[in-house]
Amino acid sequence: MAHHNQEETQLSLYEGDQSALYSREFNTHRYEDVKSEASKKTIRKIWTITLWLAFITILEIGQGLWNYVGSPIGHNMSIALFIIMTLIKAYLIIDIFMHLGDELRTFVYAVAIPMIFFIWFIIGLLADGSFWLKMNHTQGYSLPEVEQHDVTPPPVQ
Amino acid sequence: MIQVDTTIDNSSKAKWGGGRSPFNVAYGKIMIWFFLVSDAFTFGAFLISLGTKRYFSDVWPDPDFVFNSSPFTGDANLPLLFVSIMTFILIMSSVTMVMAVHHGRHNNHRGVVKWLLFTILGGMTFLACQVWEWIHLYEVNAWWGSFVDPSVVTKETLRPFFNPTDFEAMTLAQGMDATTNFFNYFFTITGFHGLHVTIGIILLITAFVNTNNGTYKTRGHYEMVEKIGLYWHFVDLVWVFVFTFYYLV
Chain A
0 MAHHNQEETQ LSLYEGDQSA LYSREFNTHR YEDVKSEASK KTIRKIWTIT LWLAFITILE
60 IGQGLWNYVG SPIGHNMSIA LFIIMTLIKA YLIIDIFMHL GDELRTFVYA VAIPMIFFIW
120 FIIGLLADGS FWLKMNHTQG YSLPEVEQHD VTPPPVQ
Chain B
0 MIQVDTTIDN SSKAKWGGGR SPFNVAYGKI MIWFFLVSDA FTFGAFLISL GTKRYFSDVW
60 PDPDFVFNSS PFTGDANLPL LFVSIMTFIL IMSSVTMVMA VHHGRHNNHR GVVKWLLFTI
120 LGGMTFLACQ VWEWIHLYEV NAWWGSFVDP SVVTKETLRP FFNPTDFEAM TLAQGMDATT
180 NFFNYFFTIT GFHGLHVTIG IILLITAFVN TNNGTYKTRG HYEMVEKIGL YWHFVDLVWV
240 FVFTFYYLV
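Sequence lines, in order, name chains A and B.
Its first residue numbered 0, the first sequence is counted upward by one per residue in numbering that gives the first Met the number 0.
Its first residue numbered 0, the second sequence is counted upward by one per residue in numbering that gives the first Met the number 0.
FYI, nobody ran anything at the bench for these hints, they're computed from the structure.
Note that CB positions come from ideal geometry on N, CA and C, so glycine has one too.
Be careful, since some hints might not be right.
Between beta-carbon pairs, the in silico distance windows are [stated by the list, open to error]:
| # | chain 1 | residue 1 | chain 2 | residue 2 | range |
| --- | --- | --- | --- | --- | --- |
| 1 | B | I134 | A | K39 | 42 to 48 Å |
| 2 | A | A79 | B | G18 | 44 to 50 Å |
| 3 | B | R109 | A | D101 | 41 to 47 Å |
| 4 | A | Q138 | B | F71 | 35 to 41 Å |
| 5 | B | A172 | A | S129 | 15 to 21 Å |
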């Protein structure tokens with residue numbers, strides 16, 4: 000690894016300083032002092048988002064414990080709240096920590112649009128699961144391996 | 000520092016005409032993002048499969064009852080405490096990673112070294128916590144393919160994993176089936192995630208060594224730190240989802 004530093008007479012495009020070629024973010028900040036006002040503002044923003052993430056996590060844990068001791072919120076509403084809080088956390092991490100929010104819109108779409116598949120994925124497979132359970136409970140008398148504790152076969156004619 | 004020809008004017012070229020990045024993002028970074036999208040689908044497939052199995056089951060273990068112990072607290076009943084600590088540790092390691100990337104963008108070598116070190120320590124702590132959790136569960140006989148033998152498992156053995164209402168209503172067969180599936184999925188998903196954390200730590204150590212050697216200083220930019228940072232944030236993101244869908248829902 001050490002000899003690498005001595006032999007750099009000819010650098011390929013990807014070994015050299017590509018900051019001016021591509022990433023806009025690299026170009027704008029690299030000669031700024033990290034103690035400058037702009038840099039400190041970014042650092043403050045990072046810690047603010049950290050506090051928000053911690054706060055939402057505490058809310059989630061709080062709701063989890065509330066469910067444990069018995070909460071009046073129904074099961075489905077509880078799941079919905081958890082999902083909303085988790086999606087907010089995911090948005091903050093992706094947008095600000097991973098800096099996807101700083102990229103061009105087309106790149107953001109290139110990453111985010113395939114996620115739409117998840118909508119079908121989740122709805123389809125979870126609906127299938129509960130459907131199979133319902134079928135086992137109602138039509139399951141025909142299958143010997145299905146526990147027949149709440150199914151009555153049709154009357155023999 | 001060797002300067003590469005930087006007189007390329009991106010605005011004068013067609014976006015998709017070649018010779019430039021159409022997204023104004025370096026090739027390596029684009030590819031990391033595309034890899035993360037594919038890995039998101041893999042983890043998503045595991046979690047959704049878990050959801051399907053759960054909806055297909057008459058009963059399911061209650062995570063508030065399964066995960067109620069922490070190290071150094073003995074037998075105390077503390078639901079969700081340890082996993083919350085683990086979540087905070089991983090989120091904090093993500094924050095230190097953002098700091099490392101920030102210092103890299105401002106070419107502050109010492110800042111990158113310091114914050115990378117904190118990230119590595121955070122990651123290792125999380126991994127250690129996860130190992131403790133696995134060992135603890137193994138000691139209560141939970142593992143892949145556990146609770147399948149009807150000659151050994153009685154309804155009483157399953158009591159610690161269910162809340163009292165579900166426990167009274169379920170049959171032994173339902174309980175055994177659900178418990179086996181619960182732990183199969185748990186060890187698979189957290190194991191796969193732990194593998195990603197381990198790989199992330201190896202990458203972080205590589206970046207740390209490279210930074211210390213001055214490789215990135217010579218190169219002129221800390222983009223490698225940023226790319227590894229993207230991977231590390233993805234690992235954190237997956238944990239956020241695993242935490243919600245395994246421990247809370």
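Hint-by-hint comparison with the structure:
1. I134/B x K39/A: 42 to 48 Å: holds (44 Å)
2. A79/A x G18/B: 44 to 50 Å: holds (49 Å)
3. R109/B x D101/A: 41 to 47 Å: violated (25 Å)
4. Q138/A x F71/B: 35 to 41 Å: Violated, at about 52 Å.
5. A172/B x S129/A: 15 to 21 Å: Between A172/B and S129/A, where Cβ atoms are some 19 Å apart, the hint holds.
Of the numbered hints given earlier, the model fails hints 3, 4; all others are met.
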